[in-house]
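There are 2 protein chains.
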Amino acid sequence: MKISIIGSGNVATHLVKAFVASGHEIVQVCSRNLQHAEELAAQAGAQAVNRINQLNDTAGLYIISVSDDAISQTASEFPFQDKLLVHTSGTTDAEVLKSRSESYGVFYPLQTFSKQKDVDFDTVPLLVEGNTDGVTKTLLKLGGDISGRVLHVDSEGRQRIHLAAVFACNFSNHFYALAEDILNRGGLEFDLIRPLILETALKVQSFSPSAVQTGPAARRDYATINKHLKTLEDTPGLQALYEKVTESILGFDPEK
Amino acid sequence: MKISIIGSGNVATHLVKAFVASGHEIVQVCSRNLQHAEELAAQAGAQAVNRINQLNDTAGLYIISVSDDAISQTASEFPFQDKLLVHTSGTTDAEVLKSRSESYGVFYPLQTFSKQKDVDFDTVPLLVEGNTDGVTKTLLKLGGDISGRVLHVDSEGRQRIHLAAVFACNFSNHFYALAEDILNRGGLEFDLIRPLILETALKVQSFSPSAVQTGPAARRDYATINKHLKTLEDTPGLQALYEKVTESILGFDPEK
Numbered sequence: 003m004k005i006s007i008i009g010s011g012n013v014a015t016h017l018v019k020a021f022v023a024s025g026h027e028i029v030q031v032c033s034r035n036l037q038h039a040e041e042l043a044a045q046a047g048a049q050a051v052n053r054i055n056q057l058n059d060t061a062g063l064y065i066i067s068v069s070d071d072a073i074s075q076t077a078s079e080f081p082f083q084d085k086l087l088v089h090t091s092g093t094t095d096a097e098v099l100k101s102r103s104e105s106y107g108v109f110y111p112l113q114t115f116s117k118q119k120d121v122d123f124d125t126v127p128l129l130v131e132g133n134t135d136g137v138t139k140t141l142l143k144l145g146g147d148i149s150g151r152v153l154h155v156d157s158e159g160r161q162r163i164h165l166a167a168v169f170a171c172n173f174s175n176h177f178y179a180l181a182e183d184i185l186n187r188g189g190l191e192f193d194l195i196r197p198l199i200l201e202t203a204l205k206v207q208s209f210s211p212s213a214v215q216t217g218p219a220a221r222r223d224y225a226t227i228n229k230h231l232k233t234l235e236d237t238p239g240l241q242a243l244y245e246k247v248t249e250s251i252l253g254f255d256p257e258k
Numbered sequence: 003m004k005i006s007i008i009g010s011g012n013v014a015t016h017l018v019k020a021f022v023a024s025g026h027e028i029v030q031v032c033s034r035n036l037q038h039a040e041e042l043a044a045q046a047g048a049q050a051v052n053r054i055n056q057l058n059d060t061a062g063l064y065i066i067s068v069s070d071d072a073i074s075q076t077a078s079e080f081p082f083q084d085k086l087l088v089h090t091s092g093t094t095d096a097e098v099l100k101s102r103s104e105s106y107g108v109f110y111p112l113q114t115f116s117k118q119k120d121v122d123f124d125t126v127p128l129l130v131e132g133n134t135d136g137v138t139k140t141l142l143k144l145g146g147d148i149s150g151r152v153l154h155v156d157s158e159g160r161q162r163i164h165l166a167a168v169f170a171c172n173f174s175n176h177f178y179a180l181a182e183d184i185l186n187r188g189g190l191e192f193d194l195i196r197p198l199i200l201e202t203a204l205k206v207q208s209f210s211p212s213a214v215q216t217g218p219a220a221r222r223d224y225a226t227i228n229k230h231l232k233t234l235e236d237t238p239g240l241q242a243l244y245e246k247v248t249e250s251i252l253g254f255d256p257e258k
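Taken in order, these protein sequences are the chains called A and B. In my numbering, each number is its position in the first sequence, counted from 1, plus 2. In my numbering, each number is its position in the second sequence, counted from 1, plus 2.
It should be emphasised that the hints constitute simulated quantities derived from the structure, not laboratory data. Don't be surprised by glycine CBs; every beta carbon is placed ideally from N, CA and C. Treat each hint with caution, since some may be false.
Stated by the list, open to error - Chain A residues, not near chain B, derived (Cβ > 12 angstroms throughout): (1) Ser69; (2) Thr93; (3) Lys143.
As the list claims (entries may be wrong) - Straight-line distance between alpha carbons at most 20 angstroms, and here's what the computed EDC-like set of lysine to aspartate or glutamate pairs gives: (4) B:Lys119 to A:Glu79; (5) B:Lys139 to B:Asp71; (6) A:Lys232 to B:Asp95; (7) A:Lys4 to A:Asp70; (8) B:Lys100 to B:Asp147; (9) B:Lys246 to A:Glu235; (10) B:Lys229 to A:Asp95; (11) B:Lys246 to A:Glu97; (12) A:Lys232 to B:Asp120; (13) B:Lys19 to B:Glu158; (14) A:Lys229 to B:Asp70; (15) A:Lys229 to B:Asp124; (16) B:Lys229 to A:Glu245; (17) B:Lys4 to B:Asp147; (18) B:Lys19 to A:Glu201; (19) A:Lys246 to B:Asp236; (20) A:Lys229 to B:Asp156; (21) A:Lys232 to A:Asp255; (22) B:Lys232 to A:Asp70; (23) A:Lys139 to A:Asp95; (24) B:Lys229 to A:Glu97; (25) A:Lys19 to A:Asp120; (26) A:Lys229 to B:Asp236; (27) B:Lys232 to A:Asp156; (28) B:Lys143 to B:Asp156; (29) B:Lys232 to A:Asp71; (30) B:Lys100 to B:Asp135; (31) A:Lys117 to B:Glu201; (32) A:Lys117 to A:Asp223; (33) B:Lys232 to A:Glu41.
Hey, can you work out the whole structure from these sequences and the hints?
Set out below in structure tokens:
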């Protein structure tokens with residue numbers, strides 16, 4: 003399929019790589035920052051442009067992969083009412099593209115992307131949604147070329163999944179960062195707890211997280227909890243967070 | 003080395019397996035619950051007992067691996083003043099064993115253990131501490147037999163590492179559990195976000211977590227943050243937690 007992509011961030015970069023690897027053709031890469039567009043276009047043998055009105059009409063699919071708050075503005079400049087247009091956002095309704103094209107949808111890769119780290123796209127769940135069954139089918143087929151795990155999810159479901167992902171991924175990563183800070187303040191290396199972080203994530207690949215919860219709160223070890231709160235007295239922000247999360251573990255009662 | 007172990011929980015179980023695999027002899031397993039003692043002893047060809055006064059004096063090392071709040075009481079019954087005695091706790095001072103033996107210390111495996119999941123012990127950091135240089139040396143040597151990563155850390159350092167581990171491991175796992183709950187409430191499968199969880203943990207194996215933080219808070223995407231807070235209105239506990247962690251990400255300023 004001939005594809006043009008608007009955006010040059012983490013998601014755009016990894017999508018372009020995955021499409022190229024699976025034999026699809028990238029026609030143009032459009033980014034306000036021309037250098038970024040050129041860097042990404044070079045990886046795909048595509049043309050780089052820095053204005054949406056420089057997009058040509060030879061692609062069969064146009065992908066808007068920009069920050070959530072820029073999708074609407076970007077879409078408003080899209081010139082081809084008869085071309086399939088999708089965005090890649092977890093949180094934005096498909097409907098934001100409605101007035102811009104007869105065929106529109108969402109192509110959302112549920113993964114955390116950083117430019118400096120390669121990702122095995124085959125394991126990345128792709129959540130797709132089209133405004134018609136035909137569009138959904140096209141997106142499911144395209145998704146199947148780059149991932150072993152493509153599914154149709156509507157905007158409401160996708161937004162719920164994205165929210166869950168914020169808890170599981172963004173928030174967990176922040177707790178890794180806080181742990182690094184705690185270690186560094188004591189002159190200790192973050193590297194010490196890397197195996198623990200990996201094992202914690204590996205464990206829930208086959209178990210439910212609530213079944214393998216460990217730590218002072220899970221075993222109602224109030225002596226250790228109080229010791230930790232005392233250790234954190236110098237950093238009131240961390241102390242308050244420790245208290246909140248501990249309370250949440252103590253009171254956790256999942257929906258069955 | 004001949005080793006007897008007091009306790010039959012997750013840490014005791016994995017330690018016994020690792021010692022046996024590296025050729026050490028487990029003499030006795032002592033647990034108040036005789037059946038637990040028998041199950042673990044059977045894996046090591048050891049004798050099972052359920053009272054500390056049934057321990058014989060033929061081992062060279064006695065390991066107390068019980069919950070933190072039971073260490074002191076357990077140690078108080080230990081009958082051999084001249085035998086090397088250690089506990090396996092991240093948070094408990096070595097000094098709690100001082101009055102019970104001339105040779106004492108800590109042998110703390112920094113990992114999250116569940117009975118149902120095997121662990122490659124070779125990658126588990128072992129933090130050891132002895133009351134004398136000789137004891138420390140003995141523990142470093144023993145640790146080296148079961149792990150490629152043994153280091154001497156004093157009680158203060160160990161407690162700081164344990165606190166960091168609570169943030170990085172226990173708290174992250176709780177956020178996985180909350181994510182599962184959010185998905186289940188929408189009839190969606192936790193399996194969808196498993197690849198994301200694994201990738202998040204893999205990423206910080208080579209990068210600093212603060213360098214790879216993603217998500218709405220990291221990119222100051224207040225529209226998405228507010229949308230998420232609104233979605234969480236039905237679950238005020240989750241909403242408050244989302245708000246706290248988001249504030250923490252927004253204001254994060256690590257010690258350099």
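Here is what the structure says about each hint:
no. : hint                 : verdict
1   : Ser69                : violated, 7 angstroms
2   : Thr93                : violated, 5 angstroms
3   : Lys143               : holds, 20 angstroms
4   : B:Lys119 to A:Glu79  : violated, 53 angstroms
5   : B:Lys139 to B:Asp71  : violated, 27 angstroms
6   : A:Lys232 to B:Asp95  : holds, 15 angstroms
7   : A:Lys4 to A:Asp70    : violated, 24 angstroms
8   : B:Lys100 to B:Asp147 : violated, 26 angstroms
9   : B:Lys246 to A:Glu235 : holds, 18 angstroms
10  : B:Lys229 to A:Asp95  : holds, 12 angstroms
11  : B:Lys246 to A:Glu97  : violated, 31 angstroms
12  : A:Lys232 to B:Asp120 : violated, 34 angstroms
13  : B:Lys19 to B:Glu158  : violated, 29 angstroms
14  : A:Lys229 to B:Asp70  : holds, 12 angstroms
15  : A:Lys229 to B:Asp124 : violated, 30 angstroms
16  : B:Lys229 to A:Glu245 : violated, 25 angstroms
17  : B:Lys4 to B:Asp147   : holds, 13 angstroms
18  : B:Lys19 to A:Glu201  : holds, 18 angstroms
19  : A:Lys246 to B:Asp236 : holds, 18 angstroms
20  : A:Lys229 to B:Asp156 : holds, 17 angstroms
21  : A:Lys232 to A:Asp255 : violated, 27 angstroms
22  : B:Lys232 to A:Asp70  : holds, 17 angstroms
23  : A:Lys139 to A:Asp95  : holds, 19 angstroms
24  : B:Lys229 to A:Glu97  : holds, 16 angstroms
25  : A:Lys19 to A:Asp120  : holds, 10 angstroms
26  : A:Lys229 to B:Asp236 : violated, 34 angstroms
27  : B:Lys232 to A:Asp156 : holds, 19 angstroms
28  : B:Lys143 to B:Asp156 : holds, 17 angstroms
29  : B:Lys232 to A:Asp71  : holds, 17 angstroms
30  : B:Lys100 to B:Asp135 : holds, 15 angstroms
31  : A:Lys117 to B:Glu201 : holds, 14 angstroms
32  : A:Lys117 to A:Asp223 : violated, 41 angstroms
33  : B:Lys232 to A:Glu41  : violated, 39 angstroms
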